[in-house]
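Residue numbers (the numbering used here), protein chains in the order written: chain R, 1 to 105; chain P, 106 to 583.
Hints listed in this document are in silico derivations from the structure and should not be mistaken for laboratory results.
Some hints here could point you the wrong way.
With beta-carbon atoms standing in for the labels, derived distance ranges [unchecked claim]:
1) Gly187/P / Glu53/R: 47 to 55 angstroms
2) Ala462/P / Gly26/R: 25 to 33 angstroms
3) Ile24/R / Pro139/P: 56 to 64 angstroms
4) Lys435/P / Glu79/R: 54 to 62 angstroms
5) Val141/P / Gln104/R: 30 to 38 angstroms
Lysine to aspartate or glutamate pairs mimicking EDC-like chemistry, simulated, CA-CA at most 16 angstroms apart [stated by the list, open to error]:
6) Lys10/R / Glu53/R
7) Lys446/P / Asp86/R
8) Lys401/P / Glu53/R
9) Lys446/P / Glu31/R
10) Lys446/P / Glu53/R
Quick caveat: nothing in here was measured; it's all calculated off a predicted structure.
C-beta: ideal position from N, C-alpha, C; glycine also.
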Amino acid sequence: MDLNSQEVIKRLADEHGADNLVVILGAPDDESAEIAAETVVLGDPTYAGALAEAQLGLSVYHVLEQDFRTLVDDDVWEEQIGVMADVLDAELISSAVKGMREQQP
Amino acid sequence: MPVPVMSATSAVLAHVPGLCRHGSKPSRELPKNPEVQAAFLGSLRTFEQGVAYGPHQAFIGAVHPRDLPQRPWVGPAPNGEGRFAGVGEIMPEEEFLGLLAAVDDFDLVRLGAAEAGAIGERLARHPLAEHLDLEKVAAAADNAEAVAAEPGALTLHLGADHVAAAVRRAHESDAALTADVFLENLAGKASATLALLRVLHDNGIDPGSIDYVIGSGEEAIGDRYQRGGGNLGKSVAAAAGCVNASGCDVKNFCAAPIPALVIASSLVAAGVFTRVAVIAGGSLPKLGMKFQGHLKHDLPVLEDVLGASALIVEADDGRSPRVRLDSVGKHPVAAGSSNPKIMEALVFAPLDRLGMASTDVDDYATELHNPEITEPQGSGNVPERNYKTIAALAMRRGDIGREDMSAFVEQRGMPGFAPTQGHIASALCYVPHARERLMEGGARRVQLIAKGSLFLGRMSEQSDGMSVLLESNDQAEG
């Protein structure tokens with residue numbers, strides 16, 4: 001996860017509390033989604049960013065996960081996500097993020 | 106109004122494993138950890154491996170990317186692949202060090218005395234030897250180790266550990282002219298010069314007939330008062346003997362070559378110039394950029410080449426592919442920067458304007474980064490994602506059915522085969538293949554699609570891009 005995003009997430013978690021924060025990922029494949037999820041749950045595995053050794057245990061979902069899909073109006077979904085839902089492997093990505101979410105401390 | 110055509114193209118690689126340590130990432134990471142440095146230096150490829158690597162042969166135009174074997178491309182033993190093939194060549198690092206000295210107007214590259222002699226002899230046998238300043242190579246002979254010990258100087262190696270040359274800083278205190286920045290710029294100049302010399306002399310084009318040379322590489326040439334001032338285009342024109350040419354640089358991160366092509370074509374169409382060259386040199390900072398992923402997966406350091414291209418635009422010759430200026434697609438500020446929005450702006454808006462369907466384009470050339478390089482570092486398969494996005498949008502428009510999407514990707518897309526030097530990967534690498542297919546009847550239209558990441562410069566959150574159609578000369582529309 002890029003260093004900018006890590007800083008923003010860290011700041012928001014400090015301001016609002018980790019329990020009040022949900023991270024929605026848009027990563028395009030399972031590998032990068034998993035690393036991003038790991039970063040906000042267990043800390044930055046590359047030890048490069050603000051979340052290095054910060055075990056925030058945040059609640060994290062991918063935008064293609066069904067849990068998130070059901071919360072979004074159909075028209076908005078189609079306009080914003082529809083095309084990429086046809087392009088990306090939602091099942092693989094969802095399972096990678098879910099696996100990491102289950103490691104929340 | 107003259108119709109602009111792309112009358113010639115070239116593509117060259119310099120295989121420079123010894124320079125990989127000067128890539129931005131290795132230069133920051135290797136000094137931190139001797140073990141990593143040893144693993145890096147132990148994972149450099151030989152020249153024979155570099156020449157045999159399928160994507161490299163595709164880059165110089167010897168094999169169409171769709172005809173590459175199944176991955177992995179790393180591994181197979183060399184099988185007679187040549188360094189001279191297609192529309193270019195793969196130059197070994199010894200010769201490239203000599204080329205650096207030959208185009209170094211300020212004598213800052215110093216070669217070891219023995220190396221200077223050997224390199225001079227090798228370059229004297231090069232097909233372009235008569236166009237290279239070999240006297241400068243001989244005059245660069247020096248004590249490389251002594252020069253390397255001077256303040257601010259940089260040691261240049263062949264392979265893992267052979268000290269072969271050194272480069273002095275270009276100024277005592279100017280951060281825009283340190284030895285590493287100068288080396289980046291000079292590597293861009295040298296590789297672009299090789300590409301320009303090739304396109305001229307392989308096609309019998311008189312260098313004196315070139316009016317203008319537009320640089321579109323990623324290096325920003327300048328000093329501390331104008332860090333990106335330029336002008337590599339004219340520098341390369343001079344090095345290649347284009348005595349009647351002037352030039353300039355077009356900057357737009359990875360996307361620059363396509364705007365440069367459109368500008369060159371516009372200059373020809375407007376009658377301002379008769380013959381314009383677009384050049385792009387290799388990007389040294391990107392050598393070894395993703396080496397950590399490669400080492401982790403027991404792969405060699407795969408980003409060990411500098412890619413460079415040149416193409417010539419002139420008025421219609423009745424045979425070369427036309428550059429359709431009425432097909433230019435731009436990425437407006439308001440379009441947004443999600444991949445589908447960019448593709449709508451660059452791929453479909455121009456086709457709509459021309460009343461064409463997506464199936465009227467035979468080949469789409471988008472960001473064609475070699476996935477064997479990007480995947481081990483977690484960057485995914487960039488071209489595959491782009492092609493799937495184009496196919497998904499084509500399906501939504503009713504050009505194809507859902508069941509046709511994978512065939513669309515397979516037939517009109519292609520595997521990525523370019524080094525991860527963004528401007529080279531961003532459609533430019535496909536230009537030689539496009540020209541060949543458009544001239545030999547394999548394709549009627551090819552869309553070149555370039556994207557660039559403006560946000561990297563921290564001046565804007567925007568990205569940018571441009572597209573243009575190349576069309577075979579015998580198509581009715583002009």
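Here's how the hints hold up against the structure:
1. Gly187/P / Glu53/R: 47 to 55 angstroms: Given about 52 angstroms between the Cβ atoms, the range holds.
2. Ala462/P / Gly26/R: 25 to 33 angstroms: Once the Cβ atoms are compared, 30 angstroms apart, the range 25 to 33 angstroms for Gly26/R and Ala462/P holds.
3. Ile24/R / Pro139/P: 56 to 64 angstroms: violated (42 angstroms)
4. Lys435/P / Glu79/R: 54 to 62 angstroms: violated (22 angstroms)
5. Val141/P / Gln104/R: 30 to 38 angstroms: holds (32 angstroms)
6. Lys10/R / Glu53/R: holds (12 angstroms)
7. Lys446/P / Asp86/R: holds (15 angstroms)
8. Lys401/P / Glu53/R: violated (22 angstroms)
9. Lys446/P / Glu31/R: violated (24 angstroms)
10. Lys446/P / Glu53/R: Violated, at roughly 36 angstroms.
Taken one by one, the earlier hints fail for this structure at numbers 3, 4, 8, 9, 10, listed in ascending order.
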